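Engineer: Chain residues, written in single-letter form:
Protein chains: 2
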Amino acid sequence: MVPHLVTALTGPINELEQRVLDSMPAIERWFRLEWMEHTPPFYCSVDVRNAGFKLAPVDTDLFPSGWNNLTPSMLPLAVQAAMAAIEKICPEARNLLIIPQNDLRSASYLTNLSQMCRIFHMAGLHVRLGSINPDVKKSTLLKLPDGETMTLEPVIRTRGRVGVKDFDPCTILLNNDLVAGVPGILEDLSEQYLLPPLHASWSTRRRSTHFKTYEEVAKRFGKLIGVDAWLINPMFDRCGGIDLATADGVEALTARVDTLLAKVKKKYKEYGIKEKPFVVVKADNLGSNAGLMSVRDSKEVAALALKACAVAGHPFHGVLELILQEGVLTLERMNDAVAEPVVYMMDRYVVGGFYRIHAERGMDEDLNAPGSSYVSLAFDQSTHLPQLGVRPGASAPNRFYMYGVVGRLAMLAASYELESTDPHAERYD
Amino acid sequence: MVPHLVTALTGPINELEQRVLDSMPAIERWFRLEWMEHTPPFYCSVDVRNAGFKLAPVDTDLFPSGWNNLTPSMLPLAVQAAMAAIEKICPEARNLLIIPQNDLRSASYLTNLSQMCRIFHMAGLHVRLGSINPDVKKSTLLKLPDGETMTLEPVIRTRGRVGVKDFDPCTILLNNDLVAGVPGILEDLSEQYLLPPLHASWSTRRRSTHFKTYEEVAKRFGKLIGVDAWLINPMFDRCGGIDLATADGVEALTARVDTLLAKVKKKYKEYGIKEKPFVVVKADNLGSNAGLMSVRDSKEVAALALKACAVAGHPFHGVLELILQEGVLTLERMNDAVAEPVVYMMDRYVVGGFYRIHAERGMDEDLNAPGSSYVSLAFDQSTHLPQLGVRPGASAPNRFYMYGVVGRLAMLAASYELESTDPHAERYD
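Protein chains in written order, with our numbering: chain A, 1 to 429; chain B, 1 to 429.
I should point out that these hints are in silico values taken from the structure, not numbers from a laboratory.
Quick caveat: nothing in here was measured; it's all calculated off a predicted structure.
Just so it is clear, CB atoms sit at the ideal spot from N, CA and C, and this is done for glycine as well.
Mixed in with the good hints there might be a few duds.
Said to hold, decoys possible - For the chain A half of the interface with chain B, some residues (derived, Cβ under 10 Å), not all of them: (1) Pro-25; (2) Arg-29; (3) Trp-30; (4) Leu-33; (5) Leu-77; (6) Met-83; (7) Tyr-193; (8) Leu-306; (9) Gly-318; (10) Tyr-401.
Unchecked claim - Below, simulated DMTMM-like cross-link-like pairs (lysine to aspartate or glutamate); rule was C-alpha separation at most 25 Å, straight line: (11) Lys-88/B x Glu-37/A; (12) Lys-143/B x Glu-153/B; (13) Lys-88/A x Glu-92/B; (14) Lys-212/B x Asp-258/B; (15) Lys-138/B x Glu-153/B; (16) Lys-143/B x Asp-22/A; (17) Lys-219/B x Glu-92/A; (18) Lys-143/A x Asp-103/A; (19) Lys-138/B x Glu-187/B; (20) Lys-269/A x Asp-258/A; (21) Lys-299/A x Glu-275/A; (22) Lys-88/B x Glu-92/A; (23) Lys-274/B x Glu-37/B; (24) Lys-165/B x Asp-22/A; (25) Lys-269/A x Glu-15/A; (26) Lys-276/B x Glu-300/B; (27) Lys-212/A x Asp-168/A; (28) Lys-212/B x Asp-188/B; (29) Lys-219/A x Glu-92/B; (30) Lys-165/B x Asp-103/B; (31) Lys-266/B x Glu-216/B; (32) Lys-165/A x Asp-22/B; (33) Lys-88/A x Asp-258/B; (34) Lys-299/B x Asp-237/B; (35) Lys-223/B x Glu-92/A; (36) Lys-88/A x Glu-419/B; (37) Lys-223/A x Glu-92/B; (38) Lys-88/A x Glu-37/A; (39) Lys-263/A x Glu-275/A; (40) Lys-88/B x Glu-251/A.
All chains should be built: construct the whole structure from the sequences, respecting the hints.
Structural biologist: Structure representation (structure tokens):
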């Protein structure tokens, strides 16, 4: 089934699609050369928004879950990519330890874990699940919605290595963004591959660093295919040390929102776009629960700040590191619900993707939020292979290829980002 | 659609399947380590025969056509494998020249060419078709059965490089087994990658060399998973310098057939196999038209020799290099027709496969023969990903995984074979 795309197929995005298709060999060669110099993150997923006139990544997850949302026909691609990744990192690997999130109450997350185990087992590894949750003190049976079970074991540290009982992995795969901080048990591992590295976790990551490197990648890519980088790049601003409980904090944020909105307006004018611009405010240093708010007018900041301060545990409490990002509308619809494509990658390959759908949210709101109407819909099986010669906007595979290109640009940005934040990197300043 | 396998699921093959599944991580690791030391052929296809009690490759094609027989869902896998292959060989590649067979009268072969162009174009290359057929003197339009067209151009040589007009490729992909000899235009290319190399063509290749290296690979693999290598290895004998038009020649071949049949009989006895053994005689140094004959009794050799000598242009004319191969029954059936699985690989990945079916042939005959009843049936989309926990013989994917393992063993043998026949290899004798 090819998802029916109800995208406003207006000028610029079709031009972009045409450019991307025409430049396919140049684009693939460019990525090949980039991956000669830079190491792709082990895996990642990228949320993409398609505004009809603009297509941009809005978030890059270096600890992606949701692998269960890929279709069975995408599985061989993921397995093949996993084989390629393992071959590069540790061809002698026998054992892989997956460290999941600490909170395992979500049935959907458990299904994701099961799918991850399946992928790496099929790539030829013995796979075990090890928890770093201090509450997990003994081997525990996890029950999946389909009735299957998986065994979760407490992670054990022995000098420079971690593992679980009677299982010594050569590689440890983190599926836990460590937003609460890096636990001692994972620090200073000297003899094992920990992937992604600790500085990919939210204890080090900043969205603003990612989008800074993305901006540079987008500019170079824009030059390569001859398009304005803004068409694929969301503008942003960083806003650190703000306390929204104070008038000064609210004022400072208001001013920043104002400035960014003005920049977006200018661009909209340049392209004759009639939509109302908006800005998305998120925590710069938090993973999934980044507490997003959409602001169409800087006057709204005060009310939104008040609301944030009133909610216990809201991520915008206290002194904040914030990122303001140009809001990118999503004009895609699946069965009348607002949809946002999510692109999944392993090693340097796009292995699939799906639509995140939220019937109760608007086209300028974040869709990565809890809600009973949240569903995932896998892309068509042929995903990212373009149909050549089909006019822009008319072919789902061509649109998906473009999503795959933008996803890989964000992945490349993540690679630069991880290089720049690597505490062990040699510097040649 | 999962092809319905009517395989005689008797003891040994199910035991083998179980061993292969149980040893999956060890097998995958073994292949990873092998590919660290040895270069896989750029692409290849392997004909596999499943006798119920034995599973073995019977031919390895290093210039595979038939890519059009893979299903659309296998295409992304082939593209991803092509990307991996190109990245290793020439990451800076922009242009790829495909050199097809000289004879382009087959519509099915043209469809194969079109599919190959599609795969490499999607992997990010500019692809052109260049002919080394001296009769192709100018750019020619090839008409595909679906109405599409492709352009075939004469190959031009300029010092150390070949190309077509206004197109200078970095890599040249041969889809022509050069059985008539290596043309001068392809010799001594100094600045381009020619894949597969010239010594992979039938002007250098000998089946007996391939099956000698395969035997060694099979023995090591048998040790790895703890099975008798014979279960995956067809015994063979080489028989050079024979002239079937002479009584001496017939006598010599008769004696060799007798000896090999006796060896097969001994093995059948050991395993309690009631089938009648047979031996297949093929040209040792010819590609697709290797003129096979199946011999159940050495007394038949004289009659078969007479028949071969009576047919004008029969490959068994004159002085011959022959290989005698233990015949492997195929007990697989598709809609009552005898079926033989063909496994397709690119770089080190299994990317798909199909069944070669020939309703008019018996289970002990070669199926790679012309005939109106020859059809291809693609494997199920999930091909080579095993279903774990399913009892042996009950799951098509598990059977396909095993076919993929045997296909890769033959590919590994081809890698050793090409190393041993490489005229430019450094020798450390």
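Engineer: None of the hints should be skipped; say for each whether it holds.
Structural biologist: Hint-by-hint comparison with the structure:
1. Pro-25: holds, 5 Å
2. Arg-29: holds, 6 Å
3. Trp-30: holds, 9 Å
4. Leu-33: holds, 6 Å
5. Leu-77: With Cβ-Cβ at 6 Å, under 10 Å, it holds.
6. Met-83: Met-83/A check passes; min Cβ-Cβ to chain B is 7 Å, inside 10 Å.
7. Tyr-193: violated, 15 Å
8. Leu-306: Violated: closest Cβ of chain B sits about 50 Å from Leu-306/A, beyond 10 Å.
9. Gly-318: violated, 46 Å
10. Tyr-401: holds, 9 Å
11. Lys-88/B x Glu-37/A: Holds, at about 14 Å.
12. Lys-143/B x Glu-153/B: Cα-Cα ~14 Å, so holds.
13. Lys-88/A x Glu-92/B: holds, 19 Å
14. Lys-212/B x Asp-258/B: Distance ~20 Å between Lys-212/B and Asp-258/B Cα, so the pair holds.
15. Lys-138/B x Glu-153/B: Given that 25 Å is the threshold and the Cα spacing comes to 6 Å, the pair holds.
16. Lys-143/B x Asp-22/A: holds, 24 Å
17. Lys-219/B x Glu-92/A: It holds: about 21 Å lies between the C-alpha atoms, which stays within 25 Å.
18. Lys-143/A x Asp-103/A: Satisfied, since the Cα-Cα distance of roughly 14 Å is no more than 25 Å.
19. Lys-138/B x Glu-187/B: holds, 22 Å
20. Lys-269/A x Asp-258/A: holds, 16 Å
21. Lys-299/A x Glu-275/A: holds, 19 Å
22. Lys-88/B x Glu-92/A: holds, 20 Å
23. Lys-274/B x Glu-37/B: violated, 42 Å
24. Lys-165/B x Asp-22/A: holds, 21 Å
25. Lys-269/A x Glu-15/A: Between Lys-269/A and Glu-15/A the Cα gap is close to 18 Å, so the pair holds against 25 Å.
26. Lys-276/B x Glu-300/B: The given pair, whose Cα atoms are some 14 Å apart, holds under the 25 Å limit.
27. Lys-212/A x Asp-168/A: violated, 38 Å
28. Lys-212/B x Asp-188/B: violated, 29 Å
29. Lys-219/A x Glu-92/B: Within the cut-off at roughly 21 Å; holds.
30. Lys-165/B x Asp-103/B: holds, 21 Å
31. Lys-266/B x Glu-216/B: holds, 21 Å
32. Lys-165/A x Asp-22/B: Satisfied, since the Cα-Cα distance of roughly 22 Å is no more than 25 Å.
33. Lys-88/A x Asp-258/B: Violated, because 49 Å separates the two Cα atoms, which is more than 25 Å.
34. Lys-299/B x Asp-237/B: holds, 18 Å
35. Lys-223/B x Glu-92/A: Holds, at about 19 Å.
36. Lys-88/A x Glu-419/B: holds, 23 Å
37. Lys-223/A x Glu-92/B: It holds: about 19 Å lies between the C-alpha atoms, which stays within 25 Å.
38. Lys-88/A x Glu-37/A: Holds, at roughly 14 Å.
39. Lys-263/A x Glu-275/A: At roughly 14 Å apart (the allowed maximum being 25 Å), Glu-275/A and Lys-263/A satisfy the hint.
40. Lys-88/B x Glu-251/A: violated, 55 Å
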